[in-house]
Amino acid sequence: FIYCKNAFEWRSRSIYQILTDRFSPENFSYIQCMEQPITEYSLRHYCGGTYRGAIDQLDYIFEMGFNALWISPIPSNIDKETIYGVGWHGYWQDNIYQLNQYFGRENDLIDLIDQAHKRDIWIMLDVVANHVGPNVTNNYFPFNGLFTYNIFMKESRSKMTSDHRQERIKINQLHYIIKYFE
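Everything in the sequence shown is counted per our numbering, starting at 5 for the first residue and increasing by one.
Keep in mind that the hints are not guaranteed to be accurate.
Said to hold, decoys possible - Estimated spans, in silico, between C-beta atoms of each pair: (1) GLU85 to TRP14: 30 to 40 Å; (2) ILE42 to GLN21: 12 to 22 Å; (3) GLN105 to PHE12: 30 to 40 Å.
It should be emphasised that the hints constitute simulated quantities derived from the structure, not laboratory data. Here a beta-carbon is modelled for each residue, glycine too, at the ideal position from N, C-alpha and C.
All chains should be built: construct the whole structure from the sequences, respecting the hints.
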């Protein structure tokens, strides 16, 4: 079941944005990210923030007066080393049909949404529609074939909306890509 709020409804919300990996580590096994001063390594690699960690902070977010939470893109990201590090931020997706394992499992994401709703906090998913990866993107599924673009968008829209409950889908710079899907 999907229910998207309209623009008027969203205007009544105070949105708190997090980078899921950086916000609330579930455990502190990623000790490199806790070093002071901040190192080059910690800027470019996963630090252990998860959906479970975000759940632990929902009361804090609510008590600050926020009633919407904007989280990082949820698809699987490249985790191979590049000159820029790895895709800890969520913007270098390599397979949009899989969840980012570093943020948690599907049940963890569903629990985050359910726990947020118990506090009247809406969830906004960040979505990357106009680029993937830090450089050449010809290996990222399903964009690694010549004819997948238009078919993919039409088929994925129904799958995405039937698998997960969403309140809003935000697409940055839609005007740059809409011509490819007409």
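Now the hints, each set against the structure:
For GLU85 paired with TRP14, a C-beta distance near 38 Å keeps the hint of 30 to 40 Å intact. As the Cβ distance of ILE42 to GLN21 is approximately 20 Å, the hint placing it in 12 to 22 Å holds. For GLN105 paired with PHE12, a C-beta distance near 37 Å keeps the hint of 30 to 40 Å intact.
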